[in-house]
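A.B. asks: Sequence:
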Amino acid sequence: MNRIISLILFMAGAMMSVSAQTNANQTYFPYPLPPGTMENFYDRCNYMTEHFWDNCNFKSAFSSHERLKGAFGDYVSMAAHANIDTVMMSINNLIKSVDKSNSRNLLVLGKIARATLLSDTSEIYSEQLYYPFAKAVAECRKIPEADRKPFIREARILGGTQEGMIAPNFDYVRLDGSKGRLSDLAGQRVLLFFEDPEKDSTHLLQVRLSVDYNLKQLIEKGYLTVLNIYPGKPDAEWIAKASELPSTWTVGSSTSVNDLFDLTNPPVIVYLTDEHKILSKTLDKDRLLNMLQILNQSVKQPKVKEKVTE
7 MNRIISLILF MAGAMMSVSA QTNANQTYFP YPLPPGTMEN FYDRCNYMTE
57 HFWDNCNFKS AFSSHERLKG AFGDYVSMAA HANIDTVMMS INNLIKSVDK
107 SNSRNLLVLG KIARATLLSD TSEIYSEQLY YPFAKAVAEC RKIPEADRKP
157 FIREARILGG TQEGMIAPNF DYVRLDGSKG RLSDLAGQRV LLFFEDPEKD
207 STHLLQVRLS VDYNLKQLIE KGYLTVLNIY PGKPDAEWIA KASELPSTWT
257 VGSSTSVNDL FDLTNPPVIV YLTDEHKILS KTLDKDRLLN MLQILNQSVK
307 QPKVKEKVTE
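Taking our numbering, I'd label the letters of the sequence shown as residues 7 to 316.
Treat the hints with care, as some may be off.
With a straight-line Cα cutoff of 27 Å, these simulated DSS-like cross-link-like pairs (lysine-lysine) come out [stated by the list, open to error]:
#: 1; residue 1: Lys291; residue 2: Lys222
#: 2; residue 1: Lys106; residue 2: Lys141
#: 3; residue 1: Lys227; residue 2: Lys205
#: 4; residue 1: Lys65; residue 2: Lys185
#: 5; residue 1: Lys222; residue 2: Lys185
#: 6; residue 1: Lys287; residue 2: Lys247
#: 7; residue 1: Lys227; residue 2: Lys141
#: 8; residue 1: Lys155; residue 2: Lys106
Just the calculated beta-carbon pair ranges, DEER-fashion [as the list claims (entries may be wrong)]:
#: 9; residue 1: Glu169; residue 2: Gln299; range: 19 to 25 Å
#: 10; residue 1: Thr43; residue 2: Asp153; range: 31 to 37 Å
#: 11; residue 1: Lys155; residue 2: Arg187; range: 42 to 48 Å
#: 12; residue 1: Lys283; residue 2: Gly183; range: 29 to 35 Å
#: 13; residue 1: His57; residue 2: Ser249; range: 23 to 29 Å
#: 14; residue 1: Ala242; residue 2: Asp218; range: 25 to 31 Å
#: 15; residue 1: Ile130; residue 2: Gly165; range: 18 to 24 Å
#: 16; residue 1: Arg159; residue 2: Ser253; range: 34 to 40 Å
#: 17; residue 1: Gln303; residue 2: Ser109; range: 37 to 43 Å
#: 18; residue 1: Glu145; residue 2: Pro174; range: 20 to 26 Å
Hints are computed from structural coordinates only; laboratory data are not their basis.
Glycine is no exception: its CB is placed at the ideal position from the N, C-alpha and C atoms.
Can you make the complete structure from the sequences, with help from the hints?
C.D. replies: Okay, here's the thing in structure tokens:
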């Protein structure tokens, strides 16, 4: 966290008097210096993201994977505040530069990207930013297939569940043993909740959502359906706990969703439009509750049809 604060101060101009050589001593390689006339924070983030790797010697940078990982963490911290088009262009250029210098280094970069962006300890968790790295490693035939295998799986899953795409269909089994499919909810907006019953974070979020006024209202208005899925084979203990969830939720289990969605860091929340397009994923609790409040305020109570008297 202190490193991120230092970077923000650096971008804000507090370190503009420090020479590029001093910057090089503090970092793995000299980071770019935004122009002194560039005062806007987000403009600085865009500039730093676009030019971050300009002074990196990719032929020697991989001599210390740990220091390179630290630099990549700094890069992601800045990219998180930059324009997404700038970020994706920068990532693609980074991948090309590394692949050009040494294809084996692309595997190292992919592992660093996974640890930084897709682990349960990631400060900035982003499937969108990680996907280009997974795809690049998966498609690089110069890397042994055994090393590419996990990236091939991740690229396939993430490539089919990006925001704006139609969510993959899947089967599930309800608590009463009856079967259902996501497609059965066609025409309905769906809040997919993929849980891990072993994690306290799953239980705490389920409890918070079960008493959330806005979510209750959205369900009553027929605007939103909650589909709570356990990704595995249910046992008696899970069934007992799942039975305590709100009766207005659809609760079930599925053994196929692990191969369709990235569930590395559960609980995973996926919000689907009425066309089942993925509008957003992996919302944290505060963002999710804020989204539900905004939705509830914008959705009117459906009109009740008056009975026609003869």
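A.B. asks: Next, verify each hint and record whether it holds.
C.D. replies: To see whether the hints hold, each was checked on the structure:
Restraint check for Lys291 and Lys222: the C-alpha separation of about 16 Å stays at or below 27 Å, so the hint holds. For the given pair, Lys106 sits about 16 Å from Lys141 by alpha-carbon distance, which is consistent with the 27 Å threshold. For the suggested pair Lys227 and Lys205, the alpha carbons sit about 31 Å apart, so the restraint of at most 27 Å is broken. For the hint linking Lys65 to Lys185, the alpha-carbon distance of about 55 Å lies beyond 27 Å, and the restraint is violated.
Note on Lys222 and Lys185: the hinted pairing holds, with a Cα-Cα distance of about 25 Å set against a maximum of 27 Å. With a C-alpha separation of about 25 Å, the suggested pairing of Lys287 with Lys247 holds against the 27 Å cut-off. Between Lys227 and Lys141 the alpha-carbon distance is near 41 Å, which puts this suggested pair outside the 27 Å criterion. Under the criterion of a C-alpha separation no larger than 27 Å, the hint pairing Lys155 with Lys106 is consistent with the structure, at around 22 Å.
Take Glu169 and Gln299: their Cβ atoms lie about 21 Å apart, and the range 19 to 25 Å holds. Remark: the range hint 31 to 37 Å for Thr43 to Asp153 is contradicted by a beta-carbon distance near 46 Å. Hint check: Lys155 to Arg187, Cβ distance near 29 Å, so the stated range 42 to 48 Å is violated. Evaluation of the 29 to 35 Å hint for Lys283 and Gly183 yields a pass: the beta carbon distance comes to about 31 Å.
At roughly 55 Å, the beta-carbon separation of His57 and Ser249 lies outside the given 23 to 29 Å, and the hint is violated. The supplied range of 25 to 31 Å is met by Ala242 and Asp218, whose beta-carbon atoms lie about 28 Å from each other. Under the hint 18 to 24 Å, the C-beta atoms of Ile130 and Gly165, about 21 Å apart, fit the expected range. The supplied range of 34 to 40 Å is met by Arg159 and Ser253, whose beta-carbon atoms lie about 36 Å from each other.
Checked against the hint of 37 to 43 Å, the pair Gln303 and Ser109 fails, with Cβ atoms roughly 52 Å apart. At about 21 Å, the CB distance of Glu145 to Pro174 agrees with the hint of 20 to 26 Å.
In summary, the numbered hints that this structure violates are 3, 4, 7, 10, 11, 13, 17.
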